[in-house]
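Chemist: On the provided structure of chain A, position chain B as indicated by the hints.
The primary structure of each chain is shown beneath.
There are 2 protein chains.
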Amino acid sequence: MVGRSDSVTEAPAGKTVLASSVAKIYTGEIKKGIEALGRKPKLVGFLANTDPAARMYADWTGKTCQETGFDFELREVDKEELEDAIFQANEDDAVDGIMIYFPVFGNRQDQYLQQVVSKDKDVEGLSHIYIQNLYHNTRYLDSEQTKKSILPCTPLALVKILEYLGVYNMLLPYGNRLYGKTVTIVNRSEIVGRPLAALLANDGAVVYSFDIDGVQMFNRGDGIKLRRHRVADVEIKLEEAARLSDVIITGVPSESYKFPTESIKDGAVCVNFSTAKNFDPSVKTKAALYVPSIGKVTITMLMRNLLRLIDNKAKTVASA
Amino acid sequence: MVGRSDSVTEAPAGKTVLASSVAKIYTGEIKKGIEALGRKPKLVGFLANTDPAARMYADWTGKTCQETGFDFELREVDKEELEDAIFQANEDDAVDGIMIYFPVFGNRQDQYLQQVVSKDKDVEGLSHIYIQNLYHNTRYLDSEQTKKSILPCTPLALVKILEYLGVYNMLLPYGNRLYGKTVTIVNRSEIVGRPLAALLANDGAVVYSFDIDGVQMFNRGDGIKLRRHRVADVEIKLEEAARLSDVIITGVPSESYKFPTESIKDGAVCVNFSTAKNFDPSVKTKAALYVPSIGKVTITMLMRNLLRLIDNKAKTVASA
Numbered sequence: 001m002v003g004r005s006d007s008v009t010e011a012p013a014g015k016t017v018l019a020s021s022v023a024k025i026y027t028g029e030i031k032k033g034i035e036a037l038g039r040k041p042k043l044v045g046f047l048a049n050t051d052p053a054a055r056m057y058a059d060w061t062g063k064t065c066q067e068t069g070f071d072f073e074l075r076e077v078d079k080e081e082l083e084d085a086i087f088q089a090n091e092d093d094a095v096d097g098i099m100i101y102f103p104v105f106g107n108r109q110d111q112y113l114q115q116v117v118s119k120d121k122d123v124e125g126l127s128h129i130y131i132q133n134l135y136h137n138t139r140y141l142d143s144e145q146t147k148k149s150i151l152p153c154t155p156l157a158l159v160k161i162l163e164y165l166g167v168y169n170m171l172l173p174y175g176n177r178l179y180g181k182t183v184t185i186v187n188r189s190e191i192v193g194r195p196l197a198a199l200l201a202n203d204g205a206v207v208y209s210f211d212i213d214g215v216q217m218f219n220r221g222d223g224i225k226l227r228r229h230r231v232a233d234v235e236i237k238l239e240e241a242a243r244l245s246d247v248i249i250t251g252v253p254s255e256s257y258k259f260p261t262e263s264i265k266d267g268a269v270c271v272n273f274s275t276a277k278n279f280d281p282s283v284k285t286k287a288a289l290y291v292p293s294i295g296k297v298t299i300t301m302l303m304r305n306l307l308r309l310i311d312n313k314a315k316t317v318a319s320a
Numbered sequence: 001m002v003g004r005s006d007s008v009t010e011a012p013a014g015k016t017v018l019a020s021s022v023a024k025i026y027t028g029e030i031k032k033g034i035e036a037l038g039r040k041p042k043l044v045g046f047l048a049n050t051d052p053a054a055r056m057y058a059d060w061t062g063k064t065c066q067e068t069g070f071d072f073e074l075r076e077v078d079k080e081e082l083e084d085a086i087f088q089a090n091e092d093d094a095v096d097g098i099m100i101y102f103p104v105f106g107n108r109q110d111q112y113l114q115q116v117v118s119k120d121k122d123v124e125g126l127s128h129i130y131i132q133n134l135y136h137n138t139r140y141l142d143s144e145q146t147k148k149s150i151l152p153c154t155p156l157a158l159v160k161i162l163e164y165l166g167v168y169n170m171l172l173p174y175g176n177r178l179y180g181k182t183v184t185i186v187n188r189s190e191i192v193g194r195p196l197a198a199l200l201a202n203d204g205a206v207v208y209s210f211d212i213d214g215v216q217m218f219n220r221g222d223g224i225k226l227r228r229h230r231v232a233d234v235e236i237k238l239e240e241a242a243r244l245s246d247v248i249i250t251g252v253p254s255e256s257y258k259f260p261t262e263s264i265k266d267g268a269v270c271v272n273f274s275t276a277k278n279f280d281p282s283v284k285t286k287a288a289l290y291v292p293s294i295g296k297v298t299i300t301m302l303m304r305n306l307l308r309l310i311d312n313k314a315k316t317v318a319s320a
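Those sequence lines, one after another, are chains A and B. For the first sequence, the UniProt record's numbering assigns the number 1 to the initial residue and increments by one for each residue that follows. For the second sequence, the UniProt record's numbering assigns the number 1 to the initial residue and increments by one for each residue that follows.
Okay, chain A solo, but in the shape it has when bound:
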């Protein structure tokens, strides 16, 4: 019973999964969508800052869009002229989708600008109606359920990654596929962390959401009886939540921040959406699956949202 039975393997059991593996699944679907459409959809990106990271993201979006078959135009404008430029693009029938490279002013005015983008062209899915639908677990724009609501692209990318990783159980009914899963999210921004917590809880998970203001638990109650999530302030340490969690998602914009590896549950799924590496390489001694960055999936979701916006518009015209 001893001998080779106790032999120890050398490499950690954890496996790295690259965003590109997930993205390519959707690229095929998107290309087919463009083919069916019979024309190149046009996406306009607005750059009104000199942030090199924003510029890089813009270049990257442009490259990916063109490779996939979209017409991408980067419009560089002065920040004081951005609102007018957005109005113009909203009115222009040749423009299918619009996105803004933030930060512009770097304060609440940016949230105002985001709402200036017509909801019919908002590829990032940040218009108030979309976010409100997300929080209320309302998945369609119309009562006939023909037009799906748009999801914010980074939370959506994380959902698609969790689907790919087998965290969503496809045998469960749509809307309940995270039932039984516990998730820790380190980030509660209005753009990603908070909508993500709501989205995953609406799909059935118990979510611990951490930020500097404290911890909140998002869930649908015992036996996921509630139709949508509820939120409660809770007292739980990060290490304790981590030990309970099947999934850990980080988005801390700091190079010095590292998630404590020792508190990760053996065999967990770890995903980082920050541009900084929030997990130490030792993560693979604990995690079964580790996704170091998600950017490529996010861009794919921008393109997917653009096709959905065009589809929703066609349905609106058809039913008018």
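None of these hints come from the bench; they were simulated from the model. Take every hint as true, because none was put in to throw you off.
No copy is singled out in the list; a pair is fine if it fits within one copy or between any two copies.
Distance condition first, Cα-Cα at most 20 Å in a straight line; then the derived PhoX-like pairs of lysine-lysine: (1) Lys148 with Lys119; (2) Lys225 with Lys265; (3) Lys258 with Lys277; (4) Lys225 with Lys15; (5) Lys284 with Lys225; (6) Lys315 with Lys42; (7) Lys315 with Lys147; (8) Lys296 with Lys31; (9) Lys258 with Lys237.
Modeler: Just chain B now, with coordinates in the frame of chain A:
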């Protein structure tokens, strides 16, 4: 934020999954296997008792075998003549597979009889070499890894059910696909419970195995570093293990036994392999997926094992 947001759904979120849904996946594969073989494989079942349950199981195996394309023959013999009858079937080239409907003597002599069946015809996968391979996480019979070892059919059926239910993560390397999963098994028989615990632990799970003698934990150590499982006696209450478990498997042969529903983790997977119903109908208020019985999958695995035995034999002849 209140109002419809707090509306409560009526039915429990849990979903029942029938063994027939899992079995039919393998029936197709098995039929193709028979087609490729070009002849009807012959399975002989020995019945040497008057137990109505054994008779029913025999009739059911026969019916399923015939529907799927096997030649099934039930041989009813006196228990004192069974050993000779098995010897004869072992030697008969027209017989591909052999199984015995237990109990025969109802004591250790039954284990002796089981070992009388030639390992080359043992569709139940209970020959010592197969069980030893299972415990040692040795998956092939030969060093060239061309002939897969046979797994005992009930534990194998449970593995296939857990694969179907999405508990095995297909993104992880073969052999590690239960990494991160905690399982409670109530039954530690030599035929099902103990080999099952070893099998699931060898695939990466942490398993709590309960029987009247106490609790054992089967696992491959921190970060599944060990090549095969180890076993430790542990002190943990059933309720506590259940609360930690993603999967609960019961096999208590008693109509009065019921697993305590209130200790099942929200969203767990619950599978019963006893002929008695070990879960109360309330299980669906806690479990996400519930499999009430597994018999149909077990029979399918008998047939699958038979094809594998024929395949292994062909490979032995080819390499001789």
